[in-house]
Amino acid sequence: MTLGRSRLASVARRQGVLIAFVLLVAFMFATTSTFGTYQNLINVLQQNSIIGIIACGMTFAIILGGFDLSVGSVTALASVVGATIMINLGTPGIPIGILGAAAACLFVGATNGWLIAYLAVNPFVATLGTMTVVRGLIYVATNASPRFGVPYSFTTLGLGRLFGVPNPAIVFLIVAAALGFVLHRTRFGHYVYAVGGNPLASAQMGVNAARVRFAVYVLVSLCAAISGVILVGQTASATPQAALGYELTAIAAVIVGGAPLGGGRGRMTGTIVGVFLLGVVANGLNLFGVSPFWQPVATGLILIAAVAFDGYSKRAGDSA
Amino acid sequence: MTDFTNRPDAILRVEHLSKSFGAVVALQDATLHLPAGEITGLVGDNGAGKSTLIKIISGVLSPDSGSIEFRGKPARFASPAEAREQGIETVYQDLALAGNLAVWANVYLGREQTIGPKFLHILDKRAMLSKTGEMLERFIRNVPPIAEPVEMLSGGQRQVVAIARAGAWGSKLILMDEPTAALGVAETKAVEDVIFGLKRQGLTLLVISHNLDQIFRLTDGVWVLRRGRVIGYRQTESTHPDEIVSMITGAAASAGAGA
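Those protein sequences? They're chains Z and P, same order as listed. First residue of the first sequence: 1, per our numbering; consecutive thereafter. First residue of the second sequence: 1, per our numbering; consecutive thereafter.
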């Protein structure tokens, strides 16, 4: 009996965010004429894809029982490194720029992974450290000034569309599908849940917990690298101050999507809903002419409400 | 004691095993054996060296001196994984299962079945789900819901799953440290049924327990440790709890010396 009840509660918990999202979208359609326009929906996709890609990686880190604060800095690193190479080498240098951005981010991700997995540094401390160091190094290298002059052809990636869908959204879709497959269908994803749920038991059963942790932090940085490169594609330039605070928005989206900070739980589809829930709220405030300064307020309130609802429905499930 | 150590059917022999932690001698010149196919108890007061002995056998700790022979061959396990490969499985108190994973996923943890291209390691959930039932039914009368997360099960069901998992993978010897600590009467009964089920399948079991009633219910023989030394072995049917208690406490020193 308790089993059935708690399963019901868990369904309500998992679907709660989706229900909230559907209601929100319905409300937006009903109260505005602008929300449902093609141009606005494209905007929502365009604006949330970069955070969405980061959130896909972050989902792994949070299910593992950690998180990664360095993703904002790593996104900026990718865009500065990528843009610098492309500016210097011109159009033929585009693939080199992408590879260079990926390599720089891989290095940061490997550092995070090494600190957390092999030196047992707390994820908060380790990634707060790399977040600060990387941002500082970007300022040193660029003298805090933006990089202009990326070949204009590269904006196809950031501003172009395929079948009417913005390219960044297509990249987001591909990343989400690929990482959702890895998380839910492969042994590696299974081990992310196992280590997040009980690291000791996993290790005793022969799961190499350190290797799983290392790989996850590399993966998170790789997602940030993709976002950073798209950022270059949107502006044909790179700013050292780019992606400030993205780490917290991404973490908020994952948590709103149903993955608690304690680890062991969460789904890729939840993260996608979380990203667009926050995105549609921001868009809605915009459409209603509310000052953009209110946007973080809304994000924070949604985050708290989602976690409080999760805790409430869990307690209701337990006491049933 | 020599009579017993010379028994040809011993699956595990421990010879002159010693282990110290700094100035503390945890185990001193311990020599004992486990008869194949039997349930053997390991009793002793706190600090007698029971857990140290189990940790050495299972590869968690390495001894300062002495040797282990498993299935007729010298054995020295550098890690629990090595011991497991050789067929020695350990059931830990409460640490064994990942609560967020389903029963089948815990049974297969670290041994997942995969399908498709090798490098992708795609989980064959359907196969694992259906085989888990068969594997557990060999030892458990009421198999808990296999697709349910372990955290939805009672403490007793969890322990039943952990012990049955240890037996499901073709291991020869299972070590259990207080398998029913913190369980109620009915749940203890269920766990003991599984332990008997493992014995029926031909496995050898070593059980640490502070509960002498349980030792007498479960075991064929008992080893007694006191302050890091092996005091003696008694066949369960030819001893009495009073004798075991006096061996544990050292009240009857002559009984210990004679063993």
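Among the hints, erroneous ones may be present.
A short, non-exhaustive set of chain Z residues, derived as facing chain P with CB atoms under 10 Å [as the list claims (entries may be wrong)]:
#: 1; residue: A26
#: 2; residue: T186
#: 3; residue: S237
#: 4; residue: G264
Taking beta-carbon pairs under 10 Å as the criterion, some of the chain P residues facing chain Z (in silico) [said to hold, decoys possible]:
#: 5; residue: P80
#: 6; residue: L109
#: 7; residue: V143
#: 8; residue: I146
Covered by chain P, per the in silico footprint, the following chain Z stretches (three or more residues, Cβ under 8 Å) [to be verified]:
#: 9; region: 46–53
#: 10; region: 78–85
#: 11; region: 281–290
Just so you know, the hints here were simulated from the structure itself, not pulled from any lab data. Glycine included, C-beta positions come from ideal geometry on N, C-alpha and C.
Quiz item: Which numbered hints are broken by the structure, listed smallest first?
Solution: When the structure is compared with the hints, numbers 1, 3, 7, 8, 9, 10 and 11 turn out to be violated.
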